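2 protein chains.
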Amino acid sequence: MSSVIKVDIPEKSYEITVAPGSLDQLGAKMAGLKLGKKVLLVSNPMIFKHYGERAIASLQNAGFEVVHYNLPPGERYKTLNSIQKIYDVALENRLERSSTMVALGGGVVGDMTGFAAATWLRGINVVQVPTSLLAMVDSSVGGKTGVNHPQGKNLIGAFHQPSLVLIDPEVLKTLPAREFRAGMAEVIKYGVIWDAELFTQLERSKHLDQLRYVKSDLINYILTHSCQAKADVVSKDEKESGLRAILNYGHTIGHAVESLTNYRLFKHGEAVGIGMVAAGEIAVKLGLWQQTDTERQNTIIKKAGLPTQLPADLDIAELIDALQLDKKVKSGKVRFVLPTQIGEVKVTDEVPTDTINQVLAEMKT
Amino acid sequence: MSSVIKVDIPEKSYEITVAPGSLDQLGAKMAGLKLGKKVLLVSNPMIFKHYGERAIASLQNAGFEVVHYNLPPGERYKTLNSIQKIYDVALENRLERSSTMVALGGGVVGDMTGFAAATWLRGINVVQVPTSLLAMVDSSVGGKTGVNHPQGKNLIGAFHQPSLVLIDPEVLKTLPAREFRAGMAEVIKYGVIWDAELFTQLERSKHLDQLRYVKSDLINYILTHSCQAKADVVSKDEKESGLRAILNYGHTIGHAVESLTNYRLFKHGEAVGIGMVAAGEIAVKLGLWQQTDTERQNTIIKKAGLPTQLPADLDIAELIDALQLDKKVKSGKVRFVLPTQIGEVKVTDEVPTDTINQVLAEMKT
Ligand SMILES: NC(=O)c1ccc[n+]([C@@H]2O[C@H](COP(=O)([O-])OP(=O)(O)OC[C@H]3O[C@@H](n4cnc5c(N)ncnc54)[C@H](O)[C@@H]3O)[C@@H](O)[C@H]2O)c1
Ligand SMILES: NC(=O)c1ccc[n+]([C@@H]2O[C@H](COP(=O)([O-])OP(=O)(O)OC[C@H]3O[C@@H](n4cnc5c(N)ncnc54)[C@H](O)[C@@H]3O)[C@@H](O)[C@H]2O)c1
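From first to last, the protein sequence lines are chains G and A. Residues in the first sequence are numbered from 1 upward in steps of one, following UniProt numbering. Residues in the second sequence are numbered from 1 upward in steps of one, following UniProt numbering.
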């Protein structure tokens, strides 16, 4: 099975390929894209150990000259300092405007490689080979790149579209289970905001919490539909002027929960799980969504092994303060994405603080 | 007198205003552009001393909230480190996606402010208020931004179009004469590559080497026509796929001369003067251009007080080696922009090394 999703945006269109075993096709796929000979493969030591050699062999077989560089692993190294190291390697190996950086890794590697490619020689090619579920369904699609400022996540960044996104579901085998579940949160999100059929497929699966219990056909389906959902949204709104906001479903409260727990207690996807539960309940309270639909959503979130409740010791007043600090706040009003039916949401900044308060109080363990 | 040049590129179009005294209109002009309230004005201490307060007053009168930051002056500080300081100020003052950075300064301030704006929150607005002749006719138009890598100029950068370019010729009064002449080199370039009428006007002026000897009408004409030339070229080729290469007229040998003299002996514009003389002579030797035209060009270059000869101790073999290292080299061949008549050039990588050698040897003092 192999699916291709076309992403069409002004100036550049590119393809997302989802195909088991496709890691070995990386070079061949890139060979069709009129890229220069030189490739800088960026990864991290762990991921490189699993997949680096296969990626390089595939690139070399297709005639590319490959150098590689491993970033130290983890969000903590998602800094301008790491970017400078990529620049140094690019310079040492005389990358040219026609050269390509290939990101082999999760969202951290993808975001940093994307940013380095966006800003080296004012922009060279980048190919995304995402290896985490989150990177496959979310960060590798849409052209956002990002680097952290000591005082805030992804404050530095650029929009830079990849020349190709190559997704090999088989590499998920080595992904830690908790990372798999965190990625599943974004998949569920697409079901709620955009793709009712994807939602139904998730509902039908007995398991969603570990790769080995999920049928490989369903994994391919999930990847294809999630990428298609994201591609649909970003094609219609490349630079976040409007529609793209719906991708923040579950993220408003999710971000506040992450930040209040110092990014330690929850993974991003776990916080998004909690955020979707909260948004669903708010929508019900405002009469926008049906109780039965919010329950269906919450059942899937639980099945994916994601949390649906707030820690007992979390201070709700502080959580509401944190909402106000969110990047997406416009002139003091908190913007929410709320479901109206499975597969459809609306964006609103008309949520009474009382309602938020009440919903959050009910979500305490 | 006031001229407006419209720059039309996909996704964004903007205006270049050339008008004496327009610094005081900065706020009013920006008020029409649907920008957010917050403005970060970036300059350097010297330029800020001359024009900072007027710029800020104008912005505040139009209702903007203004903070300002001075970069340390000089190319030596055109580093990622300086960019990080701009980020810090942006964060401290909570710049939002709708906020604007205003670059008040020469090409160094403009390039760095542009890069910071391109990469803060994945791109916020930037307004260019160029204060050097070079920045007015060249760096502020076209959306290129750049930062130096310890081992090479402008290796880091992004394309980011301004929302407005505001040119007030009166600020040139405080520009050192040598900087004025360096900027004039780019003006002469537009005459040769694109605008025969501009060339004729330059020919007619008795002086070109100091602002006070050049009629203010001619200054306005020069600014308008130069910006129009650059805008024409970049509109047709936003990302340097083809036509834009002609803007490198005089720059191939110019860059090599700069680099071989360690960026100390010549200002960029001076090296471009030498480069244009060389390119003209090469074109004549290849039968592309007439001897009389190259002489007309060289007369203007001299009138602008720019050098037309190579230093006696420069090693021509080394110069030819340096050409090979230029960013614009494709697969080992040096790409030249050569005039075919006043106002027209062609791009070629078919220049025999012998010809280059011969021309350079003849240009020794
Ligand atoms: N650009 C965007 O649009 C966008 C969207 C969402 C998230 N993000 C960013 O993505 C990042 C999070 O991405 P992530 O969740 O992939 O985190 P990550 O990149 O840190 O990967 C998670 C962990 O899994 C490991 N890993 C990844 N693939 C593996 C594999 N196949 N086998 C074994 N181990 C593997 C990584 O080494 C890491 O330890 C954040 O920095 C976030 O800001 C960006
Ligand atoms: N982005 C582009 O397309 C592009 C094109 C050409 C050059 N550049 C860049 O531009 C830079 C060179 O620009 P530049 O020549 O303006 O150099 P600059 O910015 O260093 O300015 C030259 C000197 O003049 C001073 N100055 C500027 N305006 C003044 C004024 N009105 N009164 C008094 N002093 C003034 C500056 O403080 C500085 O000392 C280089 O870094 C180059 O890479 C960029």
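Please keep in mind that the hints were generated in silico from the structure rather than gathered at the bench. Computed from a predicted model, the values in this text were never measured in an experiment. Glycine included, C-beta positions come from ideal geometry on N, C-alpha and C. It cannot be assumed that every hint is accurate.
[Stated by the list, open to error] Residues from chain A that face chain G, not an exhaustive set, calculated with beta carbons under 7 Å:
1) Lys-12
2) Ser-13
3) Tyr-14
4) Val-89
5) Leu-91
6) Asn-93
7) Thr-119
8) Gly-157
9) Ala-158
10) Ala-177
11) Tyr-213
Hint-by-hint comparison with the structure:
1. Lys-12: violated (10 Å)
2. Ser-13: violated (14 Å)
3. Tyr-14: Status violated, d = 16 Å.
4. Val-89: Interface hint status for Val-89/A: violated (12 Å vs cutoff 7 Å).
5. Leu-91: holds (6 Å)
6. Asn-93: Violated - the Cβ of Asn-93/A stays beyond 7 Å from chain G, reaching only about 13 Å at its closest.
7. Thr-119: Cβ of Thr-119/A sits 5 Å from chain G, so the hint holds.
8. Gly-157: holds (4 Å)
9. Ala-158: holds (5 Å)
10. Ala-177: With Cβ-Cβ at 32 Å, over 7 Å, it is violated.
11. Tyr-213: Check failed: Cβ of Tyr-213/A comes no nearer than 37 Å to chain G, outside 7 Å.
Comparing the model with each numbered hint stated earlier shows that hints 1, 2, 3, 4, 6, 10 and 11 do not hold.
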